[in-house]
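One-letter residues, chain by chain:
4 protein chains.
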Amino acid sequence: MRKLQIAVIGYNNECSDVARKMAYEAGKEIARAGAVLVCGGLGGVMESACKGAKENGGITLGIIPQEEFSYANQFCDLVVCTGIGFARDFIVASSADGIIAVGGGVGTLIEMGVGYMTGKTMVALAGSGGVAELYGGKFLDERNRLKIIVAKDAASAVKIITDKAKT
Amino acid sequence: MRKLQIAVIGYNNECSDVARKMAYEAGKEIARAGAVLVCGGLGGVMESACKGAKENGGITLGIIPQEEFSYANQFCDLVVCTGIGFARDFIVASSADGIIAVGGGVGTLIEMGVGYMTGKTMVALAGSGGVAELYGGKFLDERNRLKIIVAKDAASAVKIITDKAKT
Amino acid sequence: MRKLQIAVIGYNNECSDVARKMAYEAGKEIARAGAVLVCGGLGGVMESACKGAKENGGITLGIIPQEEFSYANQFCDLVVCTGIGFARDFIVASSADGIIAVGGGVGTLIEMGVGYMTGKTMVALAGSGGVAELYGGKFLDERNRLKIIVAKDAASAVKIITDKAKT
Amino acid sequence: MRKLQIAVIGYNNECSDVARKMAYEAGKEIARAGAVLVCGGLGGVMESACKGAKENGGITLGIIPQEEFSYANQFCDLVVCTGIGFARDFIVASSADGIIAVGGGVGTLIEMGVGYMTGKTMVALAGSGGVAELYGGKFLDERNRLKIIVAKDAASAVKIITDKAKT
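Protein chains in written order, with the working numbering: chain A, 1390 to 1556; chain B, 1390 to 1556; chain C, 1390 to 1556; chain D, 1390 to 1556.
Simulated from the structure, these hints should not be mistaken for lab results.
Accuracy of the hints is not assured; some may be wrong.
Copies of the same chain are indistinguishable here, so a pair counts whether it falls within one copy or spans any two.
Stated by the list, open to error - Only pairs whose alpha carbons sit at most 20 Å apart, straight line, appear in this in silico EDC-like list of lysine to aspartate or glutamate: (1) Lys1536 with Asp1486; (2) Lys1392 with Glu1457; (3) Lys1392 with Glu1444; (4) Lys1536 with Glu1522; (5) Lys1392 with Asp1552.
From a predicted model like this one, the values you see are computed outputs, not experimental measurements.
Whenever a hint applies, use it, and build me the whole structure from the sequences.
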């Protein structure tokens, strides 16, 4: 009954134009796949992904660090005001069936760490920069539990996650 | 753009039939008002409210204590897996524009406390038992900031919240 | 091996002189009993309790909402920077073997709620005002699991908790 | 007034003997430096570090994921029962003036990520394995804000942190 929930993670406002564009595409493809877009609800990659999903008929859920709705970007349909600061990174990753990384700094790495710990399908977009490229194709620790898959574009990334969810 | 988010809080599985019925009505009225139902995502009042919303075309968001989706009731459209245990009570209350209490024990009181602290419109359903009746019509501390309004039924409760949101 | 941990909870800076004095006494008695003082690490009741404990050879642990040490009062020996905002109220209560309430507003009530939920010995100081007096002698919900005991002074409060811990 | 708080992070029970020994040394050196040992309060590296500190006159603080004291290892003087699951990794890192990594898996990487984000002095022990070796000497993201320093032994690691704290 529940729809698939796919998180898009990455840079906040210091986001490059390339990453913004890729995030928009990721949001669009998530919407087209009939999945829900989950994200951290703020600017940059999060906002672009939300915009991409909204302009393509999708549903968007922003999970923000703050206690007040007003911090969420305008493209969030639903907002979860955690009030727990950056520990909300745990919740973003736990609340996803699969995760797409688009660039990103250490906050994104933390979310990837939680995804790794909890066994989520994780995909990094090639060419998006940041930790998506630094850690794409790798395992985050020596236990080699789960490789971060590199995808050439947003459509492939979403397909990897939806295919995995069917099995 | 964002829809109004109304939380229904109350007993988990030890719920009375009366409270269950009232929670169903609350979910239904929230759906009819075009608002999103937010709740703790588990059983009892939460499940009945979700069922009421789903059977009336609404959208339901469950914010659960656990880290895995499988703990959510089957009527949640979107699930936020907090993994932070009962501290998720803070997030349920913070993520609501208004709160409806239907019976409930101390967990519900904690959610009402957070709602009081963060200035949410809070309504307790008359006849629903539990902390909704114990604290309905009262202020939770001596600062008398915000009274928990008693409503005679679910439709009135939702109206109080939607009216307040317009101002 | 671990020492008993006793939490003192109550008003932050809007604290009355009476409550401040009582909190100081509570800290002092906790130190004399050889227990660790746990608190929310900020001002008002928390600061006075820390001062009372420090001036009597005790150990003090402040669990603050913020991410930076600098928010803690100067009488905290150890500081836990939760960064999770007021959801840290859960952690203060969970980290106590027993809880002493000295006045307090809704944040204190939330901590009492968590203490009730997790079965802690809870004592409210008579004459301290706030929620300590509003809820002292009562059960917080209709399950009547655990009564908030009223104590006439700090020494009695600490004794109630240490006696209980021995059983 | 407050003593320096140094966190030791690393593997839980799947810990190698080498890492256990190094963690013991780290705890010992922290105690000798007059600092407080902060850790996640469970087994493996955490337990060995606590043992090392306790047997050398130090103070130990365990910040555990669970809600009950009983999960903490027996060498914790003070226990903070967060009840928030592995999101407590944020709190361990935030509650440290400096961090020493001894081996470790992805949970340790997450703690290093939080330390990186919040600007803590971070030292990885050479030869300890796990993420300490994988990420030692590196920056965690492309912003290159803070390098994880590699130290040849526990005494050097503690010295790096205490020296930094004086500046």
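Results of checking the hints against the structure:
no.	hint	result
1	Lys1536 with Asp1486	within (15 Å within a copy, 33 Å between copies)
2	Lys1392 with Glu1457	between (26 Å within a copy, 15 Å between copies)
3	Lys1392 with Glu1444	both (19 Å within a copy, 17 Å between copies)
4	Lys1536 with Glu1522	both (13 Å within a copy, 19 Å between copies)
5	Lys1392 with Asp1552	within (14 Å within a copy, 32 Å between copies)
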